[in-house]
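Undergrad: First residue of the sequence shown? That's 1 in UniProt numbering, and the numbers climb one at a time after it.
I should point out that these hints are in silico values taken from the structure, not numbers from a laboratory. Watch out, some of these pointers could steer you wrong.
[What the hints assert, rightly or not] Listed below are the simulated DSSO-like cross-link pairs for lysine-lysine, each with C-alpha atoms no more than 27 Å apart in a straight line:
{"id": "1", "residue 1": "K89", "residue 2": "K101"}
{"id": "2", "residue 1": "K238", "residue 2": "K87"}
{"id": "3", "residue 1": "K145", "residue 2": "K89"}
[To be verified] Label pairs and their in silico Cβ distance ranges:
{"id": "4", "residue 1": "T108", "residue 2": "I149", "range": "14 to 24 Å"}
{"id": "5", "residue 1": "I149", "residue 2": "Q90", "range": "22 to 32 Å"}
{"id": "6", "residue 1": "I149", "residue 2": "H214", "range": "18 to 28 Å"}
{"id": "7", "residue 1": "V137", "residue 2": "G217", "range": "19 to 29 Å"}
Note that the Cβ used here is the ideal one computed from N, Cα and C, for glycine as well.
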Amino acid sequence: SDEFIDKLIEWKKDLIKEPDADGRTPLHYAAENGDVEAVKKLLDKDESIGYRKYWLLQKKFLRGLDEKDQGSKGMMNNREHKEQREKVKQKAAEEMSKMAKTHIIVATLISTISFAAGFTIPGGYEVNLGPNEGMAVLVREAAFKAFVITNTIAMICSTSSVFLYVSASLFNLTGREGDQKRAHRYEIAFWLILTAMLAMMLAFSTGAYVVLAHSLGLAIVTCVIACSSFIVYAFELKKH
(Lines of atoms letter the chains of each structure in order from A; the text may use other names.)
(Lines give C-alpha, C1' and ligand atoms only; values in the text may rest on other atoms or scores of the structure.)
Protein backbone atom coordinates (compact mmCIF):
# COMPACT_ATOMS: atom_id res chain seq x y z
CA SER A 1 0.00 0.00 0.00
CA ASP A 2 1.00 3.64 -0.34
CA GLU A 3 1.17 3.99 3.45
CA PHE A 4 3.56 1.04 3.66
CA ILE A 5 5.77 2.49 0.92
CA ASP A 6 5.92 5.84 2.74
CA LYS A 7 6.89 4.16 6.00
CA LEU A 8 9.47 2.00 4.23
CA ILE A 9 11.15 5.01 2.63
CA GLU A 10 11.01 6.98 5.87
CA TRP A 11 12.40 4.09 7.92
CA LYS A 12 15.27 3.06 5.67
CA LYS A 13 15.76 4.75 2.31
CA ASP A 14 18.63 2.44 1.30
CA LEU A 15 16.29 -0.54 1.56
CA ILE A 16 14.65 0.38 -1.75
CA LYS A 17 17.91 -0.55 -3.50
CA GLU A 18 18.53 -3.77 -1.59
CA PRO A 19 17.95 -6.91 -3.70
CA ASP A 20 16.61 -10.15 -2.31
CA ALA A 21 18.10 -13.60 -2.90
CA ASP A 22 16.89 -13.48 -6.52
CA GLY A 23 18.40 -10.04 -7.10
CA ARG A 24 14.97 -8.32 -7.16
CA THR A 25 14.35 -5.00 -5.41
CA PRO A 26 11.08 -3.48 -4.12
CA LEU A 27 10.88 -1.61 -7.42
CA HIS A 28 10.84 -4.90 -9.33
CA TYR A 29 7.88 -6.17 -7.34
CA ALA A 30 6.00 -2.88 -7.61
CA ALA A 31 6.39 -2.87 -11.40
CA GLU A 32 5.44 -6.52 -11.82
CA ASN A 33 2.31 -6.04 -9.72
CA GLY A 34 1.34 -2.99 -11.73
CA ASP A 35 1.42 -0.66 -8.71
CA VAL A 36 2.08 2.57 -10.57
CA GLU A 37 1.81 4.77 -7.50
CA ALA A 38 4.42 2.70 -5.66
CA VAL A 39 6.72 2.83 -8.70
CA LYS A 40 6.34 6.61 -8.87
CA LYS A 41 7.08 7.04 -5.17
CA LEU A 42 10.21 4.88 -5.38
CA LEU A 43 11.51 6.66 -8.48
CA ASP A 44 10.75 10.09 -7.03
CA LYS A 45 12.77 9.17 -3.96
CA ASP A 46 15.78 7.91 -5.89
CA GLU A 47 15.82 8.09 -9.70
CA SER A 48 19.01 6.05 -9.96
CA ILE A 49 17.09 2.84 -9.35
CA GLY A 50 15.14 3.56 -12.52
CA TYR A 51 17.95 2.21 -14.71
CA ARG A 52 19.61 -0.15 -12.28
CA LYS A 53 20.35 -3.32 -14.23
CA TYR A 54 18.12 -1.79 -16.94
CA TRP A 55 15.15 -3.51 -15.30
CA LEU A 56 12.64 -0.97 -16.54
CA LEU A 57 13.43 -1.68 -20.17
CA GLN A 58 12.93 -5.42 -19.90
CA LYS A 59 9.63 -6.98 -20.97
CA LYS A 60 9.04 -9.00 -17.84
CA PHE A 61 9.05 -5.93 -15.61
CA LEU A 62 6.91 -3.83 -17.91
CA ARG A 63 4.39 -6.65 -18.24
CA GLY A 64 2.97 -5.87 -14.80
CA LEU A 65 2.35 -2.27 -15.77
CA ASP A 66 0.75 -3.38 -19.04
CA GLU A 67 -1.60 -5.78 -17.26
CA LYS A 68 -2.48 -3.14 -14.71
CA ASP A 69 -3.24 -0.81 -17.57
CA GLN A 70 -5.84 -3.22 -18.90
CA GLY A 71 -7.66 -3.63 -15.58
CA SER A 72 -7.32 -0.21 -14.02
CA LYS A 73 -10.84 1.07 -14.67
CA GLY A 74 -11.66 0.95 -10.98
CA MET A 75 -8.68 3.14 -10.10
CA MET A 76 -8.18 5.43 -13.08
CA ASN A 77 -8.95 5.44 -16.76
CA ASN A 78 -6.59 3.89 -19.26
CA ARG A 79 -5.40 7.20 -20.62
CA GLU A 80 -4.26 8.49 -17.24
CA HIS A 81 -2.53 5.24 -16.44
CA LYS A 82 -0.81 5.16 -19.81
CA GLU A 83 0.49 8.69 -19.26
CA GLN A 84 1.88 7.72 -15.86
CA ARG A 85 3.48 4.61 -17.30
CA GLU A 86 5.11 6.66 -20.06
CA LYS A 87 6.44 9.12 -17.48
CA VAL A 88 8.03 6.28 -15.54
CA LYS A 89 9.64 4.90 -18.71
CA GLN A 90 10.79 8.35 -19.80
CA LYS A 91 12.38 9.06 -16.43
CA ALA A 92 14.29 5.78 -16.55
CA ALA A 93 15.39 6.46 -20.13
CA GLU A 94 16.66 9.92 -19.17
CA GLU A 95 18.67 8.49 -16.29
CA MET A 96 20.14 5.84 -18.56
CA SER A 97 21.10 8.53 -21.07
CA LYS A 98 22.91 10.51 -18.36
CA MET A 99 24.71 7.35 -17.31
CA ALA A 100 25.77 6.69 -20.92
CA LYS A 101 27.27 10.18 -21.26
CA THR A 102 29.32 9.69 -18.10
CA HIS A 103 30.52 6.29 -19.27
CA ILE A 104 31.60 7.72 -22.63
CA ILE A 105 33.84 10.21 -20.83
CA VAL A 106 35.38 7.43 -18.72
CA ALA A 107 35.93 5.16 -21.73
CA THR A 108 37.48 8.00 -23.74
CA LEU A 109 39.84 8.81 -20.88
CA ILE A 110 40.95 5.18 -20.59
CA SER A 111 41.56 4.88 -24.33
CA THR A 112 43.59 8.12 -24.30
CA ILE A 113 45.77 6.91 -21.43
CA SER A 114 46.24 3.49 -23.03
CA PHE A 115 47.16 5.05 -26.36
CA ALA A 116 49.77 7.28 -24.73
CA ALA A 117 51.16 4.40 -22.67
CA GLY A 118 51.58 2.34 -25.83
CA PHE A 119 54.22 4.76 -27.12
CA THR A 120 55.79 5.93 -23.85
CA ILE A 121 56.70 2.38 -22.91
CA PRO A 122 58.57 1.37 -19.73
CA GLY A 123 62.34 1.36 -20.20
CA GLY A 124 62.26 3.46 -23.35
CA TYR A 125 63.76 2.66 -26.76
CA GLU A 126 67.17 1.68 -28.07
CA VAL A 127 69.01 4.80 -29.17
CA ASN A 128 72.29 3.23 -30.26
CA LEU A 129 72.86 2.69 -33.95
CA GLY A 130 72.33 -0.87 -35.04
CA PRO A 131 69.64 -3.40 -35.96
CA ASN A 132 67.76 -2.80 -32.68
CA GLU A 133 67.65 0.98 -32.97
CA GLY A 134 64.17 2.27 -32.04
CA MET A 135 63.16 -1.06 -30.49
CA ALA A 136 61.93 -1.39 -26.91
CA VAL A 137 64.81 -1.92 -24.48
CA LEU A 138 62.89 -4.36 -22.25
CA VAL A 139 61.12 -6.25 -25.02
CA ARG A 140 62.50 -9.62 -23.86
CA GLU A 141 61.18 -9.25 -20.32
CA ALA A 142 58.03 -11.26 -19.46
CA ALA A 143 56.60 -8.38 -17.42
CA PHE A 144 57.05 -6.04 -20.38
CA LYS A 145 55.15 -8.43 -22.66
CA ALA A 146 52.36 -8.58 -20.05
CA PHE A 147 52.30 -4.77 -20.02
CA VAL A 148 51.89 -4.59 -23.80
CA ILE A 149 49.10 -7.19 -23.83
CA THR A 150 47.09 -5.71 -20.94
CA ASN A 151 47.51 -2.17 -22.27
CA THR A 152 46.23 -3.33 -25.67
CA ILE A 153 43.22 -4.98 -24.00
CA ALA A 154 42.43 -1.74 -22.17
CA MET A 155 42.70 0.20 -25.43
CA ILE A 156 40.47 -2.15 -27.43
CA CYS A 157 37.81 -2.53 -24.73
CA SER A 158 37.55 1.20 -24.05
CA THR A 159 37.32 2.17 -27.73
CA SER A 160 34.77 -0.60 -28.33
CA SER A 161 32.72 0.76 -25.45
CA VAL A 162 32.78 4.26 -26.93
CA PHE A 163 31.70 2.81 -30.28
CA LEU A 164 28.71 1.03 -28.72
CA TYR A 165 27.55 4.13 -26.85
CA VAL A 166 27.93 6.41 -29.86
CA SER A 167 26.53 4.01 -32.46
CA ALA A 168 23.39 3.37 -30.39
CA SER A 169 22.13 6.81 -31.39
CA LEU A 170 22.67 6.09 -35.09
CA PHE A 171 20.17 3.25 -35.25
CA ASN A 172 16.43 3.72 -35.54
CA LEU A 173 15.72 2.32 -32.10
CA THR A 174 12.19 3.34 -31.19
CA GLY A 175 9.51 1.82 -29.01
CA ARG A 176 9.96 -0.84 -26.37
CA GLU A 177 11.98 -3.09 -28.67
CA GLY A 178 14.30 -0.19 -29.43
CA ASP A 179 14.68 0.57 -25.72
CA GLN A 180 15.64 -3.01 -25.03
CA LYS A 181 18.21 -3.06 -27.84
CA ARG A 182 19.72 0.21 -26.64
CA ALA A 183 19.84 -1.05 -23.05
CA HIS A 184 21.54 -4.24 -24.23
CA ARG A 185 24.22 -2.24 -26.07
CA TYR A 186 24.74 -0.03 -23.03
CA GLU A 187 25.12 -3.05 -20.77
CA ILE A 188 27.77 -4.60 -23.04
CA ALA A 189 29.58 -1.25 -23.18
CA PHE A 190 29.47 -1.01 -19.38
CA TRP A 191 31.18 -4.39 -18.96
CA LEU A 192 33.75 -3.44 -21.58
CA ILE A 193 34.60 -0.36 -19.51
CA LEU A 194 35.05 -2.50 -16.40
CA THR A 195 37.31 -4.85 -18.35
CA ALA A 196 39.32 -1.88 -19.64
CA MET A 197 39.73 -0.54 -16.10
CA LEU A 198 41.01 -3.87 -14.84
CA ALA A 199 43.36 -4.22 -17.81
CA MET A 200 44.66 -0.69 -17.27
CA MET A 201 45.50 -1.45 -13.63
CA LEU A 202 47.27 -4.65 -14.69
CA ALA A 203 49.20 -2.70 -17.32
CA PHE A 204 50.30 -0.21 -14.68
CA SER A 205 51.32 -3.01 -12.31
CA THR A 206 53.34 -4.92 -14.91
CA GLY A 207 54.88 -1.73 -16.25
CA ALA A 208 55.95 -0.66 -12.77
CA TYR A 209 57.30 -4.14 -12.04
CA VAL A 210 59.47 -4.31 -15.15
CA VAL A 211 61.23 -1.00 -14.43
CA LEU A 212 61.59 -1.76 -10.70
CA ALA A 213 62.79 -5.34 -11.14
CA HIS A 214 66.19 -4.54 -9.62
CA SER A 215 64.39 -3.48 -6.42
CA LEU A 216 62.19 -6.54 -6.00
CA GLY A 217 60.67 -5.48 -2.68
CA LEU A 218 59.55 -2.11 -4.03
CA ALA A 219 58.23 -3.72 -7.21
CA ILE A 220 56.12 -6.21 -5.26
CA VAL A 221 54.71 -3.56 -2.91
CA THR A 222 53.79 -1.36 -5.88
CA CYS A 223 51.99 -4.21 -7.61
CA VAL A 224 50.11 -5.20 -4.44
CA ILE A 225 48.92 -1.64 -3.85
CA ALA A 226 47.85 -1.26 -7.48
CA CYS A 227 46.02 -4.59 -7.55
CA SER A 228 44.19 -3.81 -4.30
CA SER A 229 41.78 -1.80 -6.44
CA PHE A 230 40.41 -5.15 -7.68
CA ILE A 231 39.07 -5.79 -4.19
CA VAL A 232 37.21 -2.48 -4.26
CA TYR A 233 35.76 -3.27 -7.70
CA ALA A 234 34.62 -6.73 -6.61
CA PHE A 235 33.06 -5.39 -3.41
CA GLU A 236 31.11 -2.69 -5.23
CA LEU A 237 29.91 -5.08 -7.93
CA LYS A 238 28.75 -7.55 -5.31
CA LYS A 239 26.70 -4.82 -3.62
CA HIS A 240 24.85 -4.09 -6.87
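Undergrad: For every hint, state whether the structure bears it out.
TA: Right, here's what the structure says about each hint:
1. K89 to K101: Given pair K89, K101 holds - Cα atoms ~19 Å apart, limit 27 Å.
2. K238 to K87: Answer violated: K238 to K87 is near 30 Å, above 27 Å.
3. K145 to K89: violated, 48 Å
4. T108 to I149: 14 to 24 Å: holds, 22 Å
5. I149 to Q90: 22 to 32 Å: Violated, at about 43 Å.
6. I149 to H214: 18 to 28 Å: holds, 23 Å
7. V137 to G217: 19 to 29 Å: holds, 23 Å
In this structure, the hints that do not hold are numbers 2, 3, 5, in rising order.
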